[in-house]
Amino acid sequence: MANVRGSAFVAINQWLSGRLKSEGYRGFLSQMRPPVARVLSKGEGWSWYPLEYLSEVYEGIAAHLGNGNGKVLEHLGSAIADAELGGAPRSRLALIPMPRVVARIPYLWSRFKDCGEFKVLSVDERLRQAVLVISGYEGGSLHCFVTRTWLERVCWLLSGCKIRVRECSCRWKEGGDGCCWELSWE
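Just so we're aligned: the sequence shown equals residues 1 to 186 in the working numbering.
It is possible that part of the hints are untrue.
Mimicking DSBU-like on lysine-lysine, the simulated pairs with C-alpha atoms at most 30 Å apart in a straight line are [said to hold, decoys possible]:
hint : residue 1 : residue 2
1    : K119      : K71
2    : K42       : K71
3    : K21       : K71
4    : K173      : K42
Each pair of labels, with its calculated beta carbon distance range [said to hold, decoys possible]:
hint : residue 1 : residue 2 : range
5    : G27       : R111      : 27 to 35 Å
6    : K21       : S135      : 20 to 28 Å
7    : S135      : P50       : 47 to 55 Å
8    : K71       : D177      : 23 to 31 Å
9    : R164      : P35       : 35 to 43 Å
10   : S22       : G160      : 33 to 41 Å
I should point out that these hints are in silico values taken from the structure, not numbers from a laboratory.
Just so you know, even glycine gets a beta-carbon here, dropped at the ideal spot from N, CA and C.
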């Protein structure tokens, strides 16, 4: 079974609480299965929870706040990255050059998800670009909206660089073994 750290649920709980009044938030939780609602509202940041719970939450947010459009989930990637990294690297350490940040993405991913594998395909320091692929992650297409902004935020927190992330190919839309991500920075 694929699992994710509770830090994602903690971040989503805070994000939703800020967007929905308490009555609306309770209504949102009532649409979730009881174990999913419990994890979302009371989950522990360093505990592990089933990936299917996260998928159910993403589906609920897309339906409830995005009228079925997953684009609303793009805002979550930054919130989740902040919860996972706590902003600590940016505040306590010297900023890291982007090629080294890119090299750390597979490790950072694995700290918070025990499923899927990020691989660095290429890094071009001169062009300030990198290409990564994630394979074996069974989250579904809604996770791609979050992954893009998660990558942007992680890279910014660690490097301080302005980052652009583009999904070059999506296994959920086009088939294939994985989703390919192109990063560029200034």
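For the pair we were handed, K119 and K71, check the Cα-Cα distance against 30 Å. Satisfied, since the Cα-Cα distance of roughly 25 Å is no more than 30 Å.
Please test the hint of 35 to 43 Å on the beta carbon pair from R164 and P35. holds, 38 Å
Does K173 pair with K42 here, judged by a C-alpha cut-off of 30 Å? Answer violated: K173 to K42 is near 34 Å, above 30 Å.
If I claimed the Cβ atoms of K21 and S135 lie 20 to 28 Å apart, would that claim hold in this structure? violated, 40 Å
Is K21 close enough to K71, meaning Cα to Cα at most 30 Å? holds, 21 Å
Determine whether the Cβ-Cβ distance between K71 and D177 falls within the hinted range of 23 to 31 Å. Taking Cβ atoms as reference, K71 and D177 lie about 25 Å apart, which means the hint holds.
Taken at face value, is the distance from the CA of K71 to the CA of K42 at most 30 Å? holds, 26 Å
Starting from the hint 47 to 55 Å, judge whether the C-beta atoms of S135 and P50 obey it. At 20 Å between Cβs, range violated.
Lying within 33 to 41 Å: is that true of the beta-carbon distance S22 to G160? For G160 against S22, whose Cβ atoms are near 37 Å apart, the range 33 to 41 Å holds.
Verify the CB-CB distance for G27 and R111 against the hinted window 27 to 35 Å. Given a distance of about 33 Å, which is inside 27 to 35 Å, the answer is holds.
In the structure shown, a violation is registered for the earlier hints numbered 4, 6 and 7, in ascending order.
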